[in-house]
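K.L.:
Chain by chain, the residues run as shown.
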Amino acid sequence: MSDADIIQGLQKDLGAKALELTNPDRRRIFLKVAPADLVAAVTLLRDRYDCAHLATISGVDKGETFEILYHFASRAANINVRTEVPKAAPRVATICPVIPGAILYERELQDMFGLVVDGIPDARPLVTPDDWPAGNFPLRKDWKYERPEEKIPGGKP
Amino acid sequence: MKFQIPIGPQHPALKEPISLRMTVEGEVIRDADIRLGYNHRGLEKLAEEKSFLQDIYLTERICGICSHSHATCFVQGVEKLMELAPPKRGMYIRYLVSELERVHSHLLWLGVAGHEAGFDSFFMYTWRDREIVMDLLEMISGNRVHYAINTIGGVRRDLDEGQKAKILEGTATLRARSEYYFHIGASEPSFVARIAGVGRLTKEQAETLCAVGPTARASGITRDVRKEDPYAVYDEMDFEVGTADSCDVLGRVVVRVKELLESYKIIEQIVRKLPEGPIVVKAPRKAKPGEVVSRYEAPRGENIHYIKSNGSEKPERLKVRAPTLANYPATVEMLRNGFIADIPLIFAAIDPCICCAERAVTLVDVRSGEEAIVRLSDLRRRAAERGPNAVLKRNAPWPL
Numbered sequence: 001m002s003d004a005d006i007i008q009g010l011q012k013d014l015g016a017k018a019l020e021l022t023n024p025d026r027r028r029i030f031l032k033v034a035p036a037d038l039v040a041a042v043t044l045l046r047d048r049y050d051c052a053h054l055a056t057i058s059g060v061d062k063g064e065t066f067e068i069l070y071h072f073a074s075r076a077a078n079i080n081v082r083t084e085v086p087k088a089a090p091r092v093a094t095i096c097p098v099i100p101g102a103i104l105y106e107r108e109l110q111d112m113f114g115l116v117v118d119g120i121p122d123a124r125p126l127v128t129p130d131d132w133p134a135g136n137f138p139l140r141k142d143w144k145y146e147r148p149e150e151k152i153p154g155g156k157p
Numbered sequence: 158m159k160f161q162i163p164i165g166p167q168h169p170a171l172k173e174p175i176s177l178r179m180t181v182e183g184e185v186i187r188d189a190d191i192r193l194g195y196n197h198r199g200l201e202k203l204a205e206e207k208s209f210l211q212d213i214y215l216t217e218r219i220c221g222i223c224s225h226s227h228a229t230c231f232v233q234g235v236e237k238l239m240e241l242a243p244p245k246r247g248m249y250i251r252y253l254v255s256e257l258e259r260v261h262s263h264l265l266w267l268g269v270a271g272h273e274a275g276f277d278s279f280f281m282y283t284w285r286d287r288e289i290v291m292d293l294l295e296m297i298s299g300n301r302v303h304y305a306i307n308t309i310g311g312v313r314r315d316l317d318e319g320q321k322a323k324i325l326e327g328t329a330t331l332r333a334r335s336e337y338y339f340h341i342g343a344s345e346p347s348f349v350a351r352i353a354g355v356g357r358l359t360k361e362q363a364e365t366l367c368a369v370g371p372t373a374r375a376s377g378i379t380r381d382v383r384k385e386d387p388y389a390v391y392d393e394m395d396f397e398v399g400t401a402d403s404c405d406v407l408g409r410v411v412v413r414v415k416e417l418l419e420s421y422k423i424i425e426q427i428v429r430k431l432p433e434g435p436i437v438v439k440a441p442r443k444a445k446p447g448e449v450v451s452r453y454e455a456p457r458g459e460n461i462h463y464i465k466s467n468g469s470e471k472p473e474r475l476k477v478r479a480p481t482l483a484n485y486p487a488t489v490e491m492l493r494n495g496f497i498a499d500i501p502l503i504f505a506a507i508d509p510c511i512c513c514a515e516r517a518v519t520l521v522d523v524r525s526g527e528e529a530i531v532r533l534s535d536l537r538r539r540a541a542e543r544g545p546n547a548v549l550k551r552n553a554p555w556p557l
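If you read the sequences in order, they're chains A and B. No gaps in the numbering here: position 135 of the first sequence is 135 in our numbering, and each next residue is one more. No gaps in the numbering here: position 360 of the second sequence is 517 in our numbering, and each next residue is one more.
The hints are simulated quantities; they were obtained by calculation from the structure and are not laboratory data. Please read all numbers here as calculations on a predicted model, not as lab measurements. Warning: the hint list may mix true and false statements.
To be verified - Straight-line alpha carbon distances no greater than 30 Å define the calculated DSS-like cross-link-like pairs of lysine-lysine that follow:
id, chain 1, residue 1, chain 2, residue 2
1, A, 141, B, 245
2, B, 445, A, 141
3, B, 245, B, 207
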């Protein structure tokens, strides 16, 4: 299947749900869908386009919104599904029922961006420590790291 | 009765801090839980504050074994963003280092697998041979671990005729050694019996849990980025994707031995076909706004970087997914219904190098929540009690 075939097929199958469909490079396809259509689009990709392999999920802080990219790989192409959620209501549906291997990436997304993944089977933090202060999401652009003051135990006050 | 055994994060035998919590019923693992983040370095955040050139050296330090993989994955993405076409000779040298790195990583892993299976002479053989490729890498780049050969637009060091001859000579020695490993199982049935049937991961599980690299290929999935999405020089190379369909640790050994032989083939082709010309082109400081998905087949599997630029000299976002993370959900499945004694072997088989020669483990009773320290002698007695009932995998055939 060539890139053009995939784009044509996706246009036909998704119709108005495909908000944006680009092919910036050979074997790289970017598809944009609304958050509500995400699970349907992922299911379609898995069943019809041989995209059972999810390479990873990337989150991007775009100021007012969060962009979430699901990087799928099939034998024919690398299909990247993107969706945008407002920062005021950062909620996105889980794709774990469709792609069970997405669990670690979704947990990482929750830790790093403070996105809420609705229906995630395991919502525990993955990479942040247990005593991590609530409301700190390192990969948001407005988050700055401040090094805590070093105290030497038993040292001078 | 079910117990939970914590292994790590700080453990004398763990090379990396990771916490594994095993729910066991007797000697059988019923569930496993993996907790990460004990050594989170905030690298993606840091990369946003450094320039593209500085980020090469940053991404190189993601991993100590496949350092070249991350740097190359990043650089080939940035070159796409900057619309650069690196010269052919530079590309050949870059992917020559890639293949040499794969050889050293697989030899290292074979040694670890031999060690975990109790076959220490195999470990010493492979690690002795690994010195040959480490010396070659040092000769090419000046370093044994962080080669720092990549730069945006090409590579930083050229090869001369003497070096080419030495690479071919070293590869010939290694090929002879690897052919010996290819047949080792036929003369060493105890090694095969130890690893056959351990850590089963069916093809369906590997597919749904998005496993990558040798772990997936040992379950019969022919997914290799070099073949599937040929980047840079790989469409000019003649090689095959090594797979196995036994879906266990034996399969993972077989896949890596096959890949070693394929890597020698690629190395020889690269050295023989090395074109003349410059090794690097001048790169701009800034990249145009855009985004790119860069994929690379690291020794442990598919490595993916997502790079977004905003027109400045620093990336807007760099997302890195190392292959080991992709293999964790599959590891949990491999551990399930295995034995405690197989934990180091199974975990090592995805290649994050962890073993657990523990002297005392803390057992948590699931029902009462009480913790009890069990002495090694007690564990040994329990193992002896179970021993006569254990299934023995005698006469497992060596598939090569």
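K.L.:
Now, for every hint given, state plainly whether the structure supports it.
P.N.:
Evaluation of the provided hints:
no. : hint             : verdict
1   : A:141 with B:245 : violated (38 Å)
2   : B:445 with A:141 : holds (20 Å)
3   : B:245 with B:207 : holds (28 Å)
Going through the hint list in order, the structure does not satisfy hint 1, though it satisfies all others.
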